[in-house]
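Enquirer: Residues per chain, in single letters:
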Amino acid sequence: MPRFYFDVREGTRFTSDEAGLELDSLDAAEYEAACGAAEIGRDQLPKGDTRDITVEVRDEQGQQVMTVRVSMEVCRSAPLPS
Amino acid sequence: MPAAPLIRKLEQFDRISDAERRLLEQAVVRQRAAAKGEDLAREGDRPSESLFLITGFAARYNLVRTGKRQITALHVPGDFVDLHSFLVKRMDHGVMAVTACTVGVVPHEALRVISETQPHLTRLLGVNIAVDAAIHRHWIVTIGRQSALEHAASLLCELFLRLQAVGLTEGHSFKLPLTQAELGDCLGLSTVHVNRVVQELRAEGVIVWRGETVIIEDWPRLQQIAEFDPTFLCLESEPR
Numbered sequence: 001m002p003r004f005y006f007d008v009r010e011g012t013r014f015t016s017d018e019a020g021l022e023l024d025s026l027d028a029a030e031y032e033a034a035c036g037a038a039e040i041g042r043d044q045l046p047k048g049d050t051r052d053i054t055v056e057v058r059d060e061q062g063q064q065v066m067t068v069r070v071s072m073e074v075c076r077s078a079p080l081p082s
Numbered sequence: 001m002p003a004a005p006l007i008r009k010l011e012q013f014d015r016i017s018d019a020e021r022r023l024l025e026q027a028v029v030r031q032r033a034a035a036k037g038e039d040l041a042r043e044g045d046r047p048s049e050s051l052f053l054i055t056g057f058a059a060r061y062n063l064v065r066t067g068k069r070q071i072t073a074l075h076v077p078g079d080f081v082d083l084h085s086f087l088v089k090r091m092d093h094g095v096m097a098v099t100a101c102t103v104g105v106v107p108h109e110a111l112r113v114i115s116e117t118q119p120h121l122t123r124l125l126g127v128n129i130a131v132d133a134a135i136h137r138h139w140i141v142t143i144g145r146q147s148a149l150e151h152a153a154s155l156l157c158e159l160f161l162r163l164q165a166v167g168l169t170e171g172h173s174f175k176l177p178l179t180q181a182e183l184g185d186c187l188g189l190s191t192v193h194v195n196r197v198v199q200e201l202r203a204e205g206v207i208v209w210r211g212e213t214v215i216i217e218d219w220p221r222l223q224q225i226a227e228f229d230p231t232f233l234c235l236e237s238e239p240r
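Chains as they are written, first to last, in the UniProt record's numbering: chain A, 1 to 82; chain B, 1 to 240.
Calculated directly from the structure, the hints in this document are not laboratory data. All C-beta atoms in this analysis are idealised placements derived from N, C-alpha and C, irrespective of residue type, glycine included. Wrong hints could be hidden among the right ones.
As the list claims (entries may be wrong) - Listed next, with one range per pair, are the computed distances between beta-carbon atoms:
| hint | chain 1 | residue 1 | chain 2 | residue 2 | range |
| --- | --- | --- | --- | --- | --- |
| 1 | B | P177 | A | S77 | 50 to 60 Å |
| 2 | A | S25 | B | H120 | 51 to 61 Å |
| 3 | A | Y31 | B | P239 | 51 to 61 Å |
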C-alpha cells in the first residue's frame, strides 16, 4: 500500500509528518486529511489566532498530491439603527 | 509468582494480610502468553475466568459499523482487564493485547469463593472495578471537554502515574508501546491530529518520545497543560 504524509499548516506554524500512514488509495488519504483538518479546526479556529488550517498531503517521493483546507469566517453584523 | 503484579496493584488501595496474599496466589490457577494483537476477550463472550496482566499492555475497545475503533481503557501490568465479567457475565467490549502479554487467569469460581468468604478482599476487588469506572469518567471528560493537546497530555500523566505505581517507570521515563493510530483510537482523534499534538508537546520541550520510550521533560508543565488531578486514580493506601 502507498504511504502518505500529512503536514499541517496553521498560520505561521508548520507541523511536518515524519511517520506517514499506509493507505490503500488517494480517496482514503483525502478522507484522513479531511478528518485531520476538521478536527484541528474544531480545536484551533475558535481561539481566533488563526483563521485557516491546511493539511498538505505528500506521497512517498515527497511530491505534494493534495491540500485540504478548512477556514472560519466571522462577520459581525452592523448594529440596527436606533 | 504470577499473582505478584495483582497483589502489588491491590496494595495500592490498602494493606493486604498474609492470609489474603495466599488466597490471591491460590486464585491464580495458571498463566498464559498472548501475542500482540490477539483478543483476550471478544464482545459478546461469556468468560468463565477473569484475566490480569503480568506483563505487557492491553486495551478495552469497541468497534462501530464503519470499522472505526474506540479504545475505552488501557491496561498495564497488575490490572485486571475484565474483572467485571465475573459480575456482568456477557462482555460488552473486546480486550486486545496491544503488545505481547502474559496474563494470569483467575476462574470466576475462585472470585465467587472470595466474595463469599473474604469481605475485605472483596472490597478491594470492588475498589479495583470502581477505579476502572473512574478512569472511564476521566476519559469522557477529557474527550468531551478538553482540547486534543490537553487530552493527550492527560493520558500521558495518567499512564505515567499508573506505571510508576507498579514500578514500571525509570525517573520520568516509561515505555509506551502504542502506535499513533492506537493513540488516536484512545483519544478519538485522526492520526493527523495525533501527530500534531505529539509534535506540539515535543516542540514545547514537555516530552521526548523516541521509539517506544516517553521521557517527561517537564512534569509540572505536562500536568498544567492537562489540568491533571490524580484523585480519580485512587493511589493512596488507606483502610477500605
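Enquirer: Any hints this thing doesn't respect? Which numbers, in order?
Expert: No numbers; nothing is violated.
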